[in-house]
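Undergrad: Listed here are the chains, written in short residue letters.
2 protein chains.
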Amino acid sequence: MQSLKNNLLLRALRREKVERPPVWMMRQAGRYLPDYMKLRAKYDFFTRVQTPELATEITLQPVDQIGVDAAIIFSDILVIPQAMGLEVLMEEGKGPLLPKVIRTQKDVDALETDNVEETLNYVTKALALTKQELNGRVPLIGFAGAPWTILCYMVEGKGSKTWEKAKQFCFTQPELAHQLLQRITDTTINYLKAQSKAGADVLQVFDSWSGCLSPRDFKIVAQPYLIQIADALKDIAPVILFPKGSWYSLKELSDSSASGLGLDWCISPQIAREMTGNKITLQGNFDPAKLLLPVEEIKKEVTEMINAFGVQGYIANLGHGITPNIPVENAKAFVEAVKNYSK
Amino acid sequence: MQSLKNNLLLRALRREKVERPPVWMMRQAGRYLPDYMKLRAKYDFFTRVQTPELATEITLQPVDQIGVDAAIIFSDILVIPQAMGLEVLMEEGKGPLLPKVIRTQKDVDALETDNVEETLNYVTKALALTKQELNGRVPLIGFAGAPWTILCYMVEGKGSKTWEKAKQFCFTQPELAHQLLQRITDTTINYLKAQSKAGADVLQVFDSWSGCLSPRDFKIVAQPYLIQIADALKDIAPVILFPKGSWYSLKELSDSSASGLGLDWCISPQIAREMTGNKITLQGNFDPAKLLLPVEEIKKEVTEMINAFGVQGYIANLGHGITPNIPVENAKAFVEAVKNYSK
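Here the protein sequences line up with chains A and B, keeping their order. Going by the numbering used here, 343 is the number at position 343 of the first sequence; the sequence numbering is gapless. Going by the numbering used here, 188 is the number at position 188 of the second sequence; the sequence numbering is gapless.
One or more hints might be untrue.
Since the list can't tell identical chains apart, any single copy or any two copies may satisfy a pair.
To be verified - Simulated pairs of lysine to aspartate or glutamate, EDC-like, Cα-Cα distance not exceeding 20 Å:
#, residue 1, residue 2
1, K251, E274
2, K161, E91
3, K158, E16
4, K219, E304
5, K300, E175
No lab work stands behind these hints, which were simulated from the structure alone. Just so it is clear, the structure is predicted and the values come from calculations on it, not from any experiment.
From just these sequences and the hints, can you work out the full model?
TA: If you want it as structure tokens, here you go:
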């Protein structure tokens, strides 16, 4: 590892002793930041994602303005379906739309799985440029969507409350579903390896929709692929798995090759520690809505959260992405509260 | 209790020995049923809810056509905000809309809390008429929304993924929030008592949005009011509490006055039994999306579910409402599988 001035995140993931927990926020480069909104007004979503200079500028904003302990590359989990040959439309303020969805063997066979590194070279370029601009200030996080979550979008074609088309696909065509999940997994592993090579110090895998699965189905369509990804990357970079809502998987995933597990706010720190037997670093789990509290109360709640998780083997974060309605000073108060933590 | 020909549900809730678990489905009187769709095409939502003859006809459809072991009165949880003086608009296919929302002390003070029995007499009339039409075939379930879930709609004014306005209201004006929750609770208790008096044999309380709360916040804004409702009704009718998504509350709620706890599909039967120490009847928790499986596989999955919960102290149900896209024969297969259960 190149000399990082602030390597708290890496030490926390290696379970080395830290003086305080590192802190970053999911969606920290996002709509609550006025400078991001200026770029958003000028460039459409994929221009921002696919122009390394813009992605870098956006990635650095929260490092410069909020003082987080890690940068996370500005990108989107849907670059993978795109790189695999599916069109992805992104209308501002609305969710994503994939006009052509996956339903049959022919659809799966038609997906691209080679050359992802080449197709997504705008991401690796953005990582390299960000790494250079960061100049060792803080670590850089790369990321991808988990195979189940990517399948959700590929089959459903858009966001859903129930993901029932995605489930129907998996329940009624299990073999085809596994083929698709495996192809996404292979592509994702290559993509994450390329991200590491380009400069990502840590890799996070977002299983944003795993919480809609029963524990049994999670073990069939989500868990094996998360574990494959963690295994494939274990000698390359620390991996954080974030199966949002899937509290029931924590015990088994704490035995995986991952270095960290993300938590949403719907589990108490105590129970999460019990389930993971203090074997793995935990990351989370502040309710983003609590950032609407007055600054003094944010500090109090952050202190209680760290007290509950403990300082070691812990990364302070939200339990979900920061929402556009959060005042910048409240986001800063969250980060400052972690930095100034004393029990 | 008047002589019920099929009292399986009541016996399961009293933890008396049953030969097989009773079965019903949330939203069993709903859009997957062609006869319901015919009435839906002719009468708007509130006409269907507020006309006792229509509500009765709809309530009876799944008893006659699907063979469930209980009827649940056709109504809506938003009749309570309506009865408390808030306008509720319901556009078919869209969610509900409350043009005037609650934000201030003045808003809370202006709410009606008396005479709910009178304002909602269309519900009690529908219950009485349904009870008469059922003629003892199966028990009749009445219901209401839980105070937290009702607050969500009153403050937010419409559905939400994050309910952040409702949370902000509770987090930043906790005293006012408790006033509002208490007024909803008092009104709901009176409403449920009236439902019992009108013929409801069992009362279910739906906390549809409790799963967006952290365990700590659930204990502040949801749990105390659920417990109050269960306590107030314990000598009147068996109560089933369904705090959807709030698996972390099962242990404490199993010590409440409730007779049953509803479960969504995101918890394994084994863990749910462990958390509730076999002290309370459990209801659920088939993933509604699994009703898209072929009939033979539905049967297999139902058998496994009952094996896991055990026959005693258990009510077979879905983990959430049945969705409009389920074929009628699949809904029937679910019910038949429970009726024909043998280990």
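Undergrad: Next, verify each hint and record whether it holds.
TA: Each hint tested on the structure:
For a Cα distance limit of 20 Å, the shortest separation of K251 from E274 qualifies both inside one copy, at 9 Å, and across copies, at 16 Å. Taking identical chains as interchangeable, the C-alpha atoms of K161 and E91 lie at most 20 Å apart whether they share a chain (19 Å) or sit on different chains (19 Å). Proximity of K158 and E16 under a CA criterion of 20 Å is satisfied in neither setting, with 41 Å inside one chain copy and 47 Å between copies. For the identical chains of this complex, K219 and E304 are inter-copy neighbours only, at 16 Å across copies versus 33 Å inside a copy, given an alpha-carbon limit of 20 Å.
In this assembly of identical chains, K300 and E175 lie within 20 Å of each other by CA distance solely across copies; the values are 19 Å between and 50 Å within a copy.
When held up to the earlier numbered hints, the structure conflicts with hint 3 and nothing else.
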